[in-house]
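K.L.:
One letter stands for each residue in the lines below.
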Amino acid sequence: MLSIKNLCASVDGKAILNGINLEVYAGEVHAIMGPNGSGKSTLAHILSGRDGYTVSDGEVHYFGQNLLDLETEERAHSGVFLAMQYPVELPGVNNMTFLRESMNAIRKARGEAEIDAVSFMKQVRHRAKQVKLDEKLLKRSVNAGFSGGEKKRNEILQMMMLEPQLAILDETDSGLDIDALRTVADGVNLLRSPDRALIVVTHYQRLLDYIEPDFVHVLASGRIIRSGGKELALELEEKGYEWLQEGAAA
Amino acid sequence: MNACASVFQQAATEYIDSLSNCEGEWLTEQRQAATQRFTELGFPHAGLETWRYTSVEGLLQQDFKITHRTQAFLQHEVIQQFLGEPVAARLVFVDGIYQPNLSGDTGQAGLSIGSLRAAMAAGERSALRGVGSLSGIGDHGFAALNMATLQDGAVIQVSTGVAIQQPIELLYVATKGLSGQVQHTRHRVVLEAGASANLVERYLSLDSESNYFNNLVCEISLGEGASLVHQRAQEESLKAYHLCDVHLDIQGDAHYQGVNAALGGAWSRTTFHARFGGEDANCELDGLYLAGEGQLTDFHLNVDHSVAHCESRENVKGILYGAGKAVFDGLIHVREQAQKSQAHLYNANLMLSRRAEVDTKPQLVILADDVKCSHGTTVGQLDDQALFYLRSRGLDKDQAKRLLSLGFASEIVDSFQSEYLRDHLREEIVKRMSYERQV
Amino acid sequence: METLIRSDYAEGFVTQIESDTLPPGLDESVIRTISSRKQEPEWMLEKRLAAYQYWLKMQEPNWATIRHTPIDFNGISYYSSPKKKPQLDSLDEVDPELLATYEKLGIPLDEQKALAGVAVDAVFDSVSVATTFRESLAEAGVIFCSMSEAVREYPALVQQYMGTVVPHKDNFFAALNSAVFSDGTFVYIPRGVKCPMELSTYFRINEVNTGQFERTLIIAEEGSQVSYLEGCTAPMRDENQLHAAVVELVALEDAKIKYSTVQNWYPGDNQGRGGIYNFVTKRGDCRGDRSHISWTQVETGSAVTWKYPSCILRGKNSVGEFYSVAVTKGLQQADTGTKMIHIGENSRSTIVSKGISAMQGSNAYRGLVRVAAKAENARNHTQCDSLLIGDQCAAHTFPYIEVKNPTARVEHEATTSKVSEDQLFYCRQRGLTEENAVSMIINGFCKEVFKELPMEFAVEAQKLLAVSLEGAVG
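Chains as they are written, first to last, in our numbering: chain A, 35 to 284; chain B, 8 to 446; chain C, 287 to 760.
Be a bit skeptical, because a hint or two may be false.
[Unchecked claim] Listed below are the simulated DSS-like cross-link pairs for lysine-lysine, each with C-alpha atoms no more than 30 Å apart in a straight line:
#1 C/K704 - C/K749
#2 C/K455 - C/K625
#3 C/K625 - C/K343
#4 C/K733 - C/K542
#5 C/K704 - A/K170
#6 A/K173 - B/K379
#7 C/K749 - A/K142
#8 C/K343 - C/K455
#9 C/K733 - A/K173
#10 A/K173 - C/K544
#11 B/K404 - C/K660
#12 C/K749 - A/K173
#13 A/K156 - A/K166
#14 C/K480 - C/K733
#15 C/K704 - B/K379
#16 C/K733 - C/K625
#17 C/K749 - B/K379
[Stated by the list, open to error] From the derived model, a few chain C residues whose C-beta atoms are all more than 12 Å from chain B:
#18 L312
#19 R323
#20 M344
#21 N603
#22 T636
[To be verified] A short list of chain C residues far from chain B (calculated; beta carbon distances all over 12 Å):
#23 G311
#24 K343
#25 E346
#26 A426
#27 G427
#28 F458
#29 N556
#30 E607
Hints are computed from structural coordinates only; laboratory data are not their basis. For clarity, every value in this text was computed on a predicted model and none was experimentally measured. Heads up, the beta-carbon is just placed ideally off N, CA and C, and yes, glycines get one too.
Bound conformation, chain A alone:
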């Protein structure tokens, strides 16, 4: 589904990613871990098409097409979803309207008909219940004045509604208490399916207790320095990142 080859990228002339290689197949869950500043969020942003990054080398293929050639919204149309670490506030923009417009934009791009108001409402209510998002928040402006946990639940709600092929969760666990974390993880797990892949970017292992990865990659200084199964995350938890970085340096 997703194939990243030797991806190198920089911001304002500063190299952040120094040759990332990663293959993701449908149905897999990949966890990307690493210390602060290792380039985790940069990778997530580049995959979803955020401006401000210069890709100096490498390729990213997504279902055979060059992902980096696509506009941000084209990537969304083709099923790439990014759950953000800091979801943006859109004052005055109604949450429900936003969600519906997004859904319809994606459906339209896929050649599907727009969703009718009744089934939309039904689906939204159902999903909001699953992520324990207060229905009142649906009627408010997108993320404006939401608590940290509410914003993250809203992100997962959007993900459920938009049904992406490739979902990237950028530090979704940050700022969540244990209950919220569990709810968010439950929501994500509901979306696990053989035709959908997940990339979970996280600093800590604890999210992976709830979203069990098939693969764990450790990112440091813009490179994947170690890949393994879910046991790698446990090892990291115990020993910290330093033992790997030392190993990589040696």
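Please build the complex by placing chains B and C on the supplied structure of chain A, with the hints as guidance.
P.N.:
This is chains B and C only, laid out in the frame that chain A set:
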């Protein structure tokens, strides 16, 4: 030009002629140019946008005289009562004239401080060159008059990288002898790159009835990375007129933190012109004005974001009682190239009396898009519930009002670094408000 | 971002000089001619002449943050027959870009024709529509007619109220209007009557060619209510560069007037040539206790906009409101805002101003809140936000607050922000195009104002904003 203005012009010309030429041709030329400018401008009037709410008629009716005084006298013991915390240097001015015998220690490595009159007498080119470098020869009649007939003031320079920890204090005391006169004062303060200092300016009057006109200009340059704490307390007599234009030039990475309390004067006006000369500079200014019976107080701000990445924050509060009148005008100007500027301006007014009046005008002029700017203004009263609460605890209405007003002012008073000044100002606020019979 | 389509305004209309048009220039004889052609009574002529004499002594104001080429007041023709014939025979002759804009706004074909000045066929019978409306209005006792007609038919009412809210001495453009006003609208709502319909649908079709010096007077008697809507989301063709309208509203006890404006006149070409100069004086007088006047405006057109719809809150417990969205792009300039003059006890006012500046547009909010000494417990809240799109635009905020009463509470807040990259990215990541994202964010920014518009107009206004700002984000 009206009769009053021509009297001033004549006096200015005579004054310039009377000066010995030792201050150097350059300054004399400036004075002459300023006299010419004054002749063109005349006195400010309500037709000018920055003077629309601030009439100068009352001031002009006072017939203040420009006199050529060189001497004033005050006993040491009298000054003693005004001295607070230890200082790095103190210049005492009586009726606008520098008093070396009353002044404090001025010797410190990296700090050069003296009176403008002495600098002029000695023709100190380096000290005088900066005069007018920020203000020009005057953008309104009074500023031009100041340049034409400036008499004394302070010249302060802190050398590169030098940190002067204790305050540098300029203490102005007006005696009865100043009555009927106008005093033209100018301060020139330079902090070279990386220097830091704490400047205190105080304006006091020994007699609450004396009427005089203090016409000041203060020019402050902060070099790259310099840092200045600037504390101003204006406590002129209730019959006095006080006008001060503060010009700030803030270079890159420099930091200005000012606080201004205007309590006295029948008529007082303070204008801050802040201009950023380099990126990542920062300007913070807190202000408090108090206007009671027969007082007009005016606070003007003009913050010029001419370069990118600078921040300014201004917070000005006013208390109006008696027939006090306040004018606030704050302009934030963000120019085309000043991207990533942040500017926040806030003005709050507390109206305690039926006869009080406030005209406030916060303005934003924004020519760059990637900026965060805001302003807010409020005009309101004390909270009834709070008043009731205090009264239910036994305070009378006036006491309760004063206490709550002090609470309103405390945010600004607390920005004075000097504990002595904080205590003194609190007392002074309560005292001034107690004079009034609340209507 | 630069590549989005630019929504240029159609230009280059053909102008045919009608025979019933006075040659350019202004003197007393011109005013006499206007008055006699309109068969006005003597007192009206005298009013016009007094205003003209006063205007002669006045200077054009220059305090606003607008720059424009000097207006040659003697280069304007001050009278042409209001019943101009359509100048085009079919839509084929209309600028295709103008038609494209109509398409985008979803304007019905017949309305398109009316707006573009094309002869309207029999299907679209504005006369019969108007008649139907008139009948139901007449039943309610509402007078709704042209100003010329009112001067002839209801002279007592006109004489009693005209010029009492905006006297001819008020300002330069009001004086000019008082001397030469072409036509306009007169509305009278009798005591206790709630106007049975929005005075809008009718107006949208028939407003074309009311002329450049419009004069409007709305009188709401005790306990009456009316909602009036002027303008149109569709860009309207107009050969007159200078527009100087005067609108006067009088609300007596317990009366409520809601006045909504959508202004989308020709803004000029990319070099700023040929746009409309719109100098308007609009003022409402809350004369009676508990009276209520609400101004809502969406200003997207004109090269220069100079208008400050104001409220004089004379009555006790009277309420004044001002909701405004002003968009400037290209070389458009707007200096707009309001005055809330609190005189009556417990009078309340709300100001919500949203300025959007794009490309080289310049947008200024200028407002006055005055609380007079007798206005016990007056309240004002002002919210003034600017949204900047592009690094060459300008947004200014000039509020004046004058308080002479210690029981007043006045709050003013202003912010300036841009459409952030973060917001755009977020929307696009969820699949919206950049255009949709921008229009969504901007509609969010303007929401507080749009909700004040009559329902069907709010939708149109949203569309209008999207069309106006196409190509502006970059």
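K.L.:
Take a quick look at whether C/K704 and A/K170 sit within 30 Å of each other, Cα to Cα.
P.N.:
holds (28 Å)
K.L.:
Take the C-alpha atoms of C/K733 and A/K173, compute the straight-line distance between them, and say whether it is at most 30 Å.
P.N.:
Distance of about 14 Å is within 30 Å: holds.
K.L.:
Does C/K660 sit within 30 Å of B/K404, going by the straight-line distance between their CA atoms?
P.N.:
holds (23 Å)
K.L.:
Between the alpha carbons of A/K173 and C/K544, is the straight-line distance 30 Å or under?
P.N.:
holds (28 Å)
K.L.:
Confirm or reject: C/E607 is not an interface residue toward chain B, with every Cβ-Cβ distance exceeding 12 Å.
P.N.:
Non-interface label on C/E607 holds, nearest chain B Cβ at 19 Å vs cutoff 12 Å.
K.L.:
Between C/K704 and C/K749, does the CA-CA distance stay at or below 30 Å?
P.N.:
Distance ~21 Å between C/K704 and C/K749 Cα, so the pair holds.
K.L.:
Compare the distance between the alpha carbons of C/K749 and B/K379 with 30 Å, and conclude whether the hinted pair is satisfied.
P.N.:
Given pair C/K749, B/K379 holds - Cα atoms ~28 Å apart, limit 30 Å.
K.L.:
A cut-off of 12 Å on Cβ-Cβ distance, and C/G427 was said to be off the interface with chain B. Does that hold?
P.N.:
holds (43 Å)
K.L.:
Say whether it holds or is violated: C/F458 keeps its Cβ farther than 12 Å from all Cβ of chain B.
P.N.:
holds (17 Å)
K.L.:
Verify this label for me: C/L312 is non-interface relative to chain B, using a Cβ-Cβ cutoff of 12 Å.
P.N.:
Holds, since 28 Å exceeds 12 Å.
K.L.:
C/K343 and C/K455: Cα distance at most 30 Å?
P.N.:
Status holds; Cα separation ~10 Å.
K.L.:
Over 12 Å to the closest beta carbon of chain B is the bar; see if C/A426 clears it.
P.N.:
Correct as stated: the minimum Cβ-Cβ distance to chain B is 43 Å, above 12 Å.
Hint check: no violations occur; every hint is consistent with the structure.
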